[in-house]
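Undergrad: Each chain, written out:
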Amino acid sequence: MHTLKLLAALFRLNVQLALAYRADTIVNILLNLMWLGWELLSLSIIFSNTESLGGWGFGELIALLGVFRLVNMLMITLVWPNTEKFNQSIRDGSMDYTILLPANSMFLVTFSRITIWRFWDLLLAIILIVIGINTAGDITTPLSILTFILLTVSGAIIIYSLWIVLMALTFWFTKFDNNVTILQALMDAGRYPVTVYPVWLRIIVTFVIPIAVATNVPLQALRGDLNIGRILMFISIGVASFLIASQVWKRGLKQYSGASS
Amino acid sequence: MFLIFQRLWQVNWAEQWQYRANLIMYLLYWLVSPIIYLAVWTSIANSKGDVNGFTANDFITYYMTLLIVDQITSNIIIHTFAYKIQDGTLSGELIKPIHPMLTNALVNNIAFKGLTISGLIPIWILLFFVFRPDFSSVTLNGILLSIPAMLLGFFIGYLLSATITALAFWTTRVYSVHEFFYALILLFSGQFVPLALMPRIIQDIAQFLPFQFLIYFPIQLILGNLSTTQITQGFVTAIIWLVISLTLFTWTWRNGVRRFSAVGA
Chain V
12 MHTLKLLAAL
22 FRLNVQLALA
32 YRADTIVNIL
42 LNLMWLGWEL
52 LSLSIIFSNT
62 ESLGGWGFGE
72 LIALLGVFRL
82 VNMLMITLVW
92 PNTEKFNQSI
102 RDGSMDYTIL
112 LPANSMFLVT
122 FSRITIWRFW
132 DLLLAIILIV
142 IGINTAGDIT
152 TPLSILTFIL
162 LTVSGAIIIY
172 SLWIVLMALT
182 FWFTKFDNNV
192 TILQALMDAG
202 RYPVTVYPVW
212 LRIIVTFVIP
222 IAVATNVPLQ
232 ALRGDLNIGR
242 ILMFISIGVA
252 SFLIASQVWK
262 RGLKQYSGAS
272 S
Chain U
4 MFLIFQRLWQ
14 VNWAEQWQYR
24 ANLIMYLLYW
34 LVSPIIYLAV
44 WTSIANSKGD
54 VNGFTANDFI
64 TYYMTLLIVD
74 QITSNIIIHT
84 FAYKIQDGTL
94 SGELIKPIHP
104 MLTNALVNNI
114 AFKGLTISGL
124 IPIWILLFFV
134 FRPDFSSVTL
144 NGILLSIPAM
154 LLGFFIGYLL
164 SATITALAFW
174 TTRVYSVHEF
184 FYALILLFSG
194 QFVPLALMPR
204 IIQDIAQFLP
214 FQFLIYFPIQ
224 LILGNLSTTQ
234 ITQGFVTAII
244 WLVISLTLFT
254 WTWRNGVRRF
264 SAVGA
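Chain order of the listed sequences is V and U.
What the first sequence shows, in my numbering, is residues 12 to 272, in sequence order.
What the second sequence shows, in my numbering, is residues 4 to 268, in sequence order.
For reference, chain V alone in the conformation it holds in the complex (with noise of 0.2 Å):
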């Protein structure tokens, strides 16, 4: 309950800096439907020369879309702006503020910049997710969407425990300001199936930095290419990493001593 309060004050906090910026809201959301367009474009350029990518259709790959464009979403509202008050506050020390509030730092870490706007980004996803899925004409049952729901929360929390460990190597190394570049710079690869990558970027972006399991996985059991092992073992991968990012921050936050110390 306290959680859930801290988190409607922090949206409010972030609600009113966003309405101090009505135009650039308006510019953004008008830059955000460009790249949707790009994107479609770029997907049916693809399939004006094919009819399958990796074994995926035109439908499937506007559903992907969709999906990516969620686990962009994460990246965009959450993770780059949160990331970059967080360094600053190593290298000045103003962590010891957060660290001395009566909450949990890395709930503090995680909320305390929201990108408001992108919120509409949600609206867009589904609309992808549900016409790429009504297109491709895969059969969904309750169950089968019920999965597609947890794997993708379950994959989005794998990307969310990653970057939580990626900031709290910050506290042993000090200067890591690039910890969140690589996320960023494979985040793109969770646009196309993994099934058309060479081995060694599937290797890369399914185990180093998961973003295909995050994108493409949701889709697999969509697809019916999982059986209930298979998607089990994924939910259970999101359950661990969640676990074990947590105590890494723990552990990390220990290394800290404050910028003048």
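Wrong hints could be hidden among the right ones.
[To be verified] Example chain V residues on the side facing chain U (calculated, C-beta under 7 Å, incomplete):
(1) Leu42
(2) Ser53
(3) Phe58
(4) Ser155
(5) Ala200
[Stated by the list, open to error] One side only, chain U facing chain V, incomplete, derived with CB under 10 Å:
(6) Asn25
(7) Ile27
(8) Tyr29
(9) Trp33
(10) Ala42
(11) Trp44
(12) Thr45
(13) Phe57
(14) Val110
(15) Ile113
(16) Asp137
(17) Phe138
(18) Ser179
It is worth saying that the hints were derived from the structure and are not from the lab.
Note that CB positions come from ideal geometry on N, CA and C, so glycine has one too.
Go by the hints and put chain U onto chain V.
TA: Relative to the frame of chain V, chain U by itself:
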């Protein structure tokens, strides 16, 4: 004049050299999308034999050449200059008797390029052994012709980006304008896919736009895919665009500086 450029080079090289680690990250960031496009298109070409006449090897050589051409013709002026106009630090450069954008910032861009290219070479060789492209269509003539083409491409791109950067004299939303400009580059330069595979209408428009000189035209020259008429036509269009972008830039800069009143002045 030569001495000024020499000094500027020393300063800017030393400045860029400090950020070696950032540079590796920048390279990694920038490498990912061409490699993904390469993977996507070769997988289609392999499954069908060819895509409108493009074989898997055509795509591999195209994107492998793109890695080099893009690195030579692109620039980072918006990121290194726009903020100077916004926060007023430009005033310090304006009192120097040299043009800030056409000397210091230009040399800074070239120093950055020098470093990224030296970082790219080992990666490129590695990728060469991974993808094993067959570059047998490349001729010495093509490479020699591509050098002036890439220079033209770089200066056209640099002047256009500098024009957009100079819009910072009028608007704070210059980064959004630049994002739009970047989308135009993606659409018309051949970055995503060889222009010949784009929809007819985009190809027709791209012919008259400057963006092909950043990517497509130099690549086609290197790979020896152009006829003599196409080459002449390309160079003539490029020179016209160089003049246009130089005019655009001079006009914007002159009027912008007149409007400029630094913070605190």
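Undergrad: All the hints need checking, so say for each whether the structure fits it.
TA: Status of the hints after comparison with the structure:
no.	hint	verdict
1	Leu42	holds (6 Å)
2	Ser53	holds (6 Å)
3	Phe58	violated (10 Å)
4	Ser155	violated (27 Å)
5	Ala200	holds (6 Å)
6	Asn25	holds (7 Å)
7	Ile27	holds (9 Å)
8	Tyr29	holds (8 Å)
9	Trp33	holds (8 Å)
10	Ala42	holds (5 Å)
11	Trp44	holds (8 Å)
12	Thr45	holds (8 Å)
13	Phe57	holds (9 Å)
14	Val110	violated (25 Å)
15	Ile113	violated (24 Å)
16	Asp137	violated (17 Å)
17	Phe138	violated (19 Å)
18	Ser179	holds (5 Å)
The structure does not agree with the numbered hints 3, 4, 14, 15, 16 and 17 stated previously, though it agrees with the rest.
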